[in-house]
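Colleague: Taken in sequence, the protein lines are chains L and Z.
So the first sequence is residues 457 to 939, counted in the numbering used here.
So the second sequence is residues 322 to 805, counted in the numbering used here.
Please keep in mind that the hints were generated in silico from the structure rather than gathered at the bench.
Some hints here could point you the wrong way.
[Stated by the list, open to error] SDA-like cross-link-like pairs, simulated, lysine to any residue; straight-line CA separation at most 20 Å: (1) Lys872/L - Gly617/Z; (2) Lys531/L - Arg474/L; (3) Lys726/Z - Lys557/L; (4) Lys678/L - Asp571/L; (5) Lys895/L - His654/Z; (6) Lys422/Z - Gly617/Z; (7) Lys895/L - Lys448/Z; (8) Lys726/Z - Lys503/L; (9) Lys422/Z - Arg474/L; (10) Lys726/Z - Leu489/L; (11) Lys557/L - Thr846/L; (12) Lys908/L - Thr821/L; (13) Lys726/Z - Arg741/Z; (14) Lys726/Z - Ile521/L; (15) Lys726/Z - Arg494/L; (16) Lys351/Z - Thr846/L; (17) Lys726/Z - Thr477/L; (18) Lys422/Z - Thr477/L; (19) Lys531/L - Lys557/L; (20) Lys895/L - Lys369/Z; (21) Lys389/Z - Gly866/L; (22) Lys895/L - Lys389/Z; (23) Lys448/Z - Leu799/Z; (24) Lys503/L - Ile521/L; (25) Lys369/Z - Glu548/Z; (26) Lys923/L - Ala912/L; (27) Lys389/Z - His615/Z; (28) Lys872/L - His615/Z.
A quick note: this is a predicted structure, and the numbers were derived from the prediction, not measured.
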Amino acid sequence: MPANMQPLEPLQTPFRLRYLTEQQLDQLQSATLDILERTGVKFPSDKSLKILAEHGALVDQKTQIVRFPRDLVLKYMAFLPRYFTMGGRDANYDLHLNEGKTYFTTDGCGVETFDYKTRAMRPSCKEDVGMMARIADYLPSIGFYWPMVSAQDHGLTAPLHELDAGYHNTHKHVQSETIMGEAPARYALEMATVINGSREDLRRRPSFSLVVCTIAPLIQDKEGIEGAIVLAEAGVPVGFLAMPTMGTTAPATLAGALAMGDAEIISATVLMQMVAPGAPVFHSLMQAWADPSSGNYVSYPLDARGRYAPVEMAHHWGMPALGACYGTDSLEPGTWQSAAEPALDPFMVGLTGAEIVTGMGLSHTYTRLYPEQLIMDADLYQRARYYLMTMEVSPETLALDTIQAVGPGGHFLAQKHTRLHMRESMKRAITHQVGPDGKYRQAREVAIEKVKWILANHYPEPLDSAKQAELGRILAAADAELG
Amino acid sequence: MAFSETPPLQPIKPAYHLRILNDDQLRTLKSSTLEILQETGIYCPSEKCLRIYAEHGALVDFATCIVKIPAEIVLSAMRHAPRFYTMGARLETHDLRLDGKSLFCATDGCGVEVIDFVTRQRRPSCKEDVAITARLADFLPSIGFYWPIVSAQDFPATAPLHELDASYNNTIKHVQSETIMGEQLARYAVEMARVIAGDELTMRARPPLSLLVCCIAPLSLDRDGMESALVLAQAGLPVGFMSMANTGSTAPATLAGTVVVGDAEIVAAMVLIQMACPGAPIFHSLMPGMMHPHTGAYLATAWEGTLLYPIGVELAHNWGVPALAGIFATDAHAPGWQSAGDATSSLLLCALTGAETGSGLGLLESCTLLYPEEIILDSDIHDRIRLEAAGLDTSPTALALDVIKLVGPRGQFLRQRHTRENLRRRSFSDLTAQPAPSGGFRDPLELAREKATRILETHHPEPLLPAQKKELNRILNLADNELA
Chain L
457 MPANMQPLEP LQTPFRLRYL TEQQLDQLQS ATLDILERTG VKFPSDKSLK ILAEHGALVD
517 QKTQIVRFPR DLVLKYMAFL PRYFTMGGRD ANYDLHLNEG KTYFTTDGCG VETFDYKTRA
577 MRPSCKEDVG MMARIADYLP SIGFYWPMVS AQDHGLTAPL HELDAGYHNT HKHVQSETIM
637 GEAPARYALE MATVINGSRE DLRRRPSFSL VVCTIAPLIQ DKEGIEGAIV LAEAGVPVGF
697 LAMPTMGTTA PATLAGALAM GDAEIISATV LMQMVAPGAP VFHSLMQAWA DPSSGNYVSY
757 PLDARGRYAP VEMAHHWGMP ALGACYGTDS LEPGTWQSAA EPALDPFMVG LTGAEIVTGM
817 GLSHTYTRLY PEQLIMDADL YQRARYYLMT MEVSPETLAL DTIQAVGPGG HFLAQKHTRL
877 HMRESMKRAI THQVGPDGKY RQAREVAIEK VKWILANHYP EPLDSAKQAE LGRILAAADA
937 ELG
Chain Z
322 MAFSETPPLQ PIKPAYHLRI LNDDQLRTLK SSTLEILQET GIYCPSEKCL RIYAEHGALV
382 DFATCIVKIP AEIVLSAMRH APRFYTMGAR LETHDLRLDG KSLFCATDGC GVEVIDFVTR
442 QRRPSCKEDV AITARLADFL PSIGFYWPIV SAQDFPATAP LHELDASYNN TIKHVQSETI
502 MGEQLARYAV EMARVIAGDE LTMRARPPLS LLVCCIAPLS LDRDGMESAL VLAQAGLPVG
562 FMSMANTGST APATLAGTVV VGDAEIVAAM VLIQMACPGA PIFHSLMPGM MHPHTGAYLA
622 TAWEGTLLYP IGVELAHNWG VPALAGIFAT DAHAPGWQSA GDATSSLLLC ALTGAETGSG
682 LGLLESCTLL YPEEIILDSD IHDRIRLEAA GLDTSPTALA LDVIKLVGPR GQFLRQRHTR
742 ENLRRRSFSD LTAQPAPSGG FRDPLELARE KATRILETHH PEPLLPAQKK ELNRILNLAD
802 NELA
């Protein structure tokens, strides 16, 4: 691996937690099938309705509501691959999704950035996407990159410019959450083909993937689903993300919200399998709550249980899961709230075995970028990563001879064993950096320094000039057609 | 006199569990502890303890105070230890039944400095701080039992007894001391516990006091601590032993080495108690720290060091005794991102590994500094984890399929009766997402400070009977006269 590339550090743990029982998983799956069969899902896309009708779904063309017989769902879900590869721009960063490894990404897609130069909040732009891609490229905790904020300086083609900024500034896989519609998807496919070198390589180790949000309750987004069809046909992974809000767009009980969100995801997944049997698809469900007093959207109430139940539901369907971590409701980093809310996330998602997880680095419920938040979230991630590792119990680590040599009342400072192991035993968090006054420095201040250091020192290998030119050509064509 | 009801306890009852060490690892760790106890031994500078060890077959060198305990003697003594028992409260409704199903959490202790509740200035701690925080702890359902959170430094020689007095006068919950050291102090403490329980039988069945004694790493027992523990154990009060072996300085620089040094200290102490009082209730507590390699400072929360807390829980269970788990420790100087980040993970993993008890909420700066609002903030995190660990309801009402069908695609759930009935049952934090008059949300730290003030203004737990108060005063006067 080149010197400017650090090996990835995914969560790897032998510990497994079963949050839901087998019976509960069956109950939830049966509830999803029931909703798909009795209630149905609205697909406001003629293209999708045509495919669904041709493959045996019960389509009401007038209301655009589609009902799925149980057997039909099970038939198409059987084509799904359990695991697949998400390629990096560099093959060293290919993510081979399999049992026992969890890769994290950044959060997205925020709309405001705190500018270090002006010390003020401003609308986000393409340069911010590139800057954060460079930081994500450096951090071994980040397995792949979600463009973190919107390239609002590029209007309607912002999603393609976000992809461009991602490809230019990180060797890692890029997953978009904003490319919606058939035409943008075709341009994105062209860009990804440039990065991979060929359509065949793109299918084998796709450098790009897409996550599409469904609309609760029980609706697919026309542009989202039509963009997904384009990518699924090309073998590019697509995922569907349901965000039911309990009390407004979902029942006020968690099991009901989960079953309904699952129905949205599964209906879209079935459509993908009808279009391209065996297409790589992942599952993602992030429930939220409506504050009963204000109606506000709340990511982290006191009772946020079940945040990782959808990971087990995805696995029960035989799909990889995109777990939902971080995304604090705190207005800025470094607050008590910005740690109290998400600190549990990487543990729980690691223990339930999600394959991929979003997303580090945004505040104010996924909308606001302070660059140092990514460093602080990565620190919480590393705590979880070490916590979930096995403890080595061997003659060397038990150190019985050293204990015997020191005996009761002694100390271990003069021991060769201590000199050999002390530095590796203490993994320093950003909270344990000693300042000139001998006290620990403010974690946020240390994080800001780290951001500045990475930006001054870490430059991923640039794309070769031919690829840069080709991406520029595609973007210009897209700007001319869509902008 | 009017008083406030103490709300029912809300322990963490995990619906699912986790194993960190496999059977092979547990066996290796146990045999390593046994090897250390047999080959290296323990330093125990107490004539009284050495005699007990010797009378029960341990190899005692009275000149060096080193005790080597053969493995079969350790195992035979530990067979007497009860796996489950009750720690009593002043009111039976708040007794802690350690049955392996619930995790009861306590405050932290024993800090030495306080951010004053009124002036917000930093100052040494005093008895009044113990009393005030006991009242906060009495109100909070997350607090199952009370550790006197700071030292009553205004009563230097008898501080531990005054801490006990301040606690009993301000909470009906079980009190666990971490400072009663020495035979004389312990005898006074037992007298005070007897006053609270009312009689000898009740004190043994529902002991209102327990004691935690720290070992001294590496491999040493504290004379006063052990002699104190013997007095309480003889009275039927639970005693536990905590190792705070420090990776790199008072323990090997490897995690497994740190674990076995700490475990050996704890087991040596537990064995002594079972030799002296077979069947006495004991508990195991492994809370190691780590040495900062640049400064030598003690760190409560290095990245991988906190893994040792849930491992300590599994070791305790492997020895057949309940665990007091390390939770909430932080090296942060003030409430904030660091204190919250440090707190969350250890509590979850200790709950999922089945810890029966844990301490401590409310202190900062590596368990030394009391911030009034920290106990409220920690309590909020406790509740998040309590709810997270409680599992998911998948009953027909919770699945709500009929409601989903009724609403259908493109609808909304606001008008449904099911929503009205269930949304208010969801638990929302009273610290986060609280609207500010100017828009946005209020600062959770400010809300925590307000909540602490509100509790102190309104919550006054059921007082002791006048006769009990009088009796406690009499005992304290005697102790002050004898020991001050």
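Colleague: Now, for every hint given, state plainly whether the structure supports it.
Modeller: These are the hints, each one checked on the structure:
1. Lys872/L - Gly617/Z: 17 Å, holds
2. Lys531/L - Arg474/L: 27 Å, violated
3. Lys726/Z - Lys557/L: 38 Å, violated
4. Lys678/L - Asp571/L: 35 Å, violated
5. Lys895/L - His654/Z: 9 Å, holds
6. Lys422/Z - Gly617/Z: 39 Å, violated
7. Lys895/L - Lys448/Z: 28 Å, violated
8. Lys726/Z - Lys503/L: 25 Å, violated
9. Lys422/Z - Arg474/L: 17 Å, holds
10. Lys726/Z - Leu489/L: 12 Å, holds
11. Lys557/L - Thr846/L: 14 Å, holds
12. Lys908/L - Thr821/L: Not satisfied, since the Cα-Cα distance of roughly 25 Å exceeds 20 Å.
13. Lys726/Z - Arg741/Z: 17 Å, holds
14. Lys726/Z - Ile521/L: 13 Å, holds
15. Lys726/Z - Arg494/L: Within the cut-off at roughly 7 Å; holds.
16. Lys351/Z - Thr846/L: 17 Å, holds
17. Lys726/Z - Thr477/L: Judged against 20 Å, a Cα distance of about 26 Å means the pair is violated.
18. Lys422/Z - Thr477/L: 18 Å, holds
19. Lys531/L - Lys557/L: Violated - the C-alpha atoms of Lys557/L and Lys531/L are around 29 Å apart, more than 20 Å.
20. Lys895/L - Lys369/Z: The given pair, whose Cα atoms are some 43 Å apart, is violated under the 20 Å limit.
21. Lys389/Z - Gly866/L: Within the cut-off at roughly 17 Å; holds.
22. Lys895/L - Lys389/Z: 41 Å, violated
23. Lys448/Z - Leu799/Z: Holds, at about 18 Å.
24. Lys503/L - Ile521/L: Roughly 14 Å between the alpha carbons, so the hint for Lys503/L and Ile521/L holds.
25. Lys369/Z - Glu548/Z: Distance ~8 Å between Lys369/Z and Glu548/Z Cα, so the pair holds.
26. Lys923/L - Ala912/L: Not OK: Lys923/L and Ala912/L at ~25 Å, beyond 20 Å, violated.
27. Lys389/Z - His615/Z: 35 Å, violated
28. Lys872/L - His615/Z: 17 Å, holds
Hints 2, 3, 4, 6, 7, 8, 12, 17, 19, 20, 22, 26 and 27 from the list above are not met by this structure, while the remaining hints are.
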